[in-house]
Amino acid sequence: MDFVAQLTLFVLAIFLGFELITKVPPTLHTPLMSGSNAISGITLVGALLAAGHGGSTLISVLGFVAVVLATINVIGGFMVTNRMLAMFKRK
Amino acid sequence: MQIAQHWIDIAYLIAAALFILGIKGLSKPKTAVRGNLLAATGMGIAAVVTLLHHDIVSYEVIIAGLIVGAVIGAILAIRVQMTSMPQLIALLNGFGGGASFALAAAEYFKGVDSTVAMAASGAAVLIGAVTLTGSFVAFAKLQELIGGQPKGFPGMKLVNLVLLVFSLGAIGYMTWTGQPNDTLFWAVVAAAALLGIMLVMPIGGADMPVVIALLNSYSGLAASAAGFVMGNSALIITGSLVGASGLILTQIMCKAMNRSLTNVLFGVMAEAGEAMDADEVYKGKIKSSSADEVAMILETAQRVVIVPGFGLAMAQAQHAVRDLADTLEARGTVVEYAIHPVAGRMPGHMNVLLAEAEVSYDKLKDMDTINPTFEQTDVAIVIGANDVTNPLAREDKSSPIYGMPILNVDKARTVVVVKRSLSPGFAGLPNPLFAKDNTLMLFGDGKQAIIDTTNALKEG
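Chains as they are written, first to last, in our numbering: chain A, 1 to 91; chain B, 1 to 460.
FYI, nobody ran anything at the bench for these hints, they're computed from the structure.
Here the structure is a predicted model, which means the values were calculated and not measured.
Not one of these hints is a red herring.
The calculated lysine-lysine pairs, modelled on BS3-like cross-linking and capped at a C-alpha distance of 27 Å, are: (1) B:255 - B:363; (2) B:447 - A:91; (3) A:91 - B:24; (4) B:363 - A:89; (5) B:255 - B:151; (6) A:91 - B:365; (7) A:23 - B:363; (8) A:23 - B:30; (9) B:28 - A:91; (10) A:89 - B:365; (11) B:255 - A:23; (12) B:24 - A:23; (13) B:28 - A:89; (14) B:365 - A:23; (15) A:89 - B:30; (16) A:23 - B:28; (17) A:89 - B:24; (18) B:30 - B:363; (19) B:447 - B:287; (20) B:287 - B:411; (21) A:91 - B:363.
The following residues of chain B were derived to be distant from chain A, with all beta-carbon distances above 10 Å: (22) 148; (23) 261; (24) 284; (25) 288.
Glycine is no exception: its CB is placed at the ideal position from the N, C-alpha and C atoms.
In isolation and in its complexed conformation, chain A is listed as follows (with noise of 0.2 Å):
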């Protein structure tokens, strides 16, 4: 992918991204910033083409490290994410 698309996708979903979150209400702030955390661990699917790659011990040691912190992210945030907004009822 050229720089210039790859600059058009970063610019709109930063617009896109400002759009959405506004309308997020302050009582959910809290699950927002650990549901954002969660989809920020997409760096996973970076992670694992950089530790499935089988080059030197220092790219996999990297790529290791790598793995493992997006899936605590991941796991971490989409299951705390989860456990919180359950509270947030109605009654």
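Start from chain A and add chain B according to the hints.
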């Protein structure tokens, strides 16, 4: 099994769409749980499809990493207490930055073949490492492993500037010459790690909501930069969504404290006009009350507003407060909660605590909604909040907190302040609210004071 690249890219597109729908779900508590599940599904699709990529030749490291990460993540998510949520968010921000950092470093050592990839891997390493170490300092402050007060030394800002300029210069040099230089690369890593520590050290406890939101944004931007390195659309889109999210929260927090982001980051408090003498403000005007007296006033109240602050979390008083509210409601009193945007240590902190205590979310009112109602409120109960109720912010132009939006609790017919002592809040100012004619101080541990009041109310 291996699949063609374009199928993988389409799967990433689906994942990105599910993330967007997931965040959209967070716009209402009712749809939020489903939104979170949609986003998790998107993540599952992206991960599984990536495993089928032809670049992946060995699975040992991957499987080991997935297991270790999943176990740690699950333990953290299940065991964390709601009062400790700011610490967990700080940790997760740090891990996110760390993952982007490690990923960009791995890409760098695989060999970066273009100008864009070199510059982007530099950016991802820089932002990722700053986020990693900065978040750990924030975690240590929140967990009280180190003191929450600002720490620094003369010339700290200059050192930070030098570190930043060096890092940018080194990345720029490698990009410009097209010559990766491993020594220089590690030097950037070290400088960025140090910068992260030194940026968060001078920031005080009450400014933590801003820092956490900002680090959240950084973790997204780092992921986005890593996406530029790999030419991976899923990372670019998702990273910038998270980056935007953190930026908006940062902005909201700064506005709620009437401080600019630069002021928070450089630990600048507005200049105080003349130092206010706490004795002068309080002397002879403080009315110390008892649980019985407060219960008596509550007996006849028709409308009560509860104002929680960080002290509520410290005292773990959220369940006691809910009991008091239940008791009042059973007597026909209307009870609502007034939540200041920076109450607590992160955006939404109080809401999560009260949700844990099974307070219905439609009773949690934000500042703009609740402020006009204080004049019709019989009793406002302030628990563990201080600066966000200080009328100086509204009245005294020479006050350092002048202009900060506050909860107008002093307009209520009676104000009950539950507090350990008359000690000042983070701003270090006396609070004239405590000395007002309509204010009663209920000194003691927040949780015990509320339990005593509830019992007195039940007996009365």
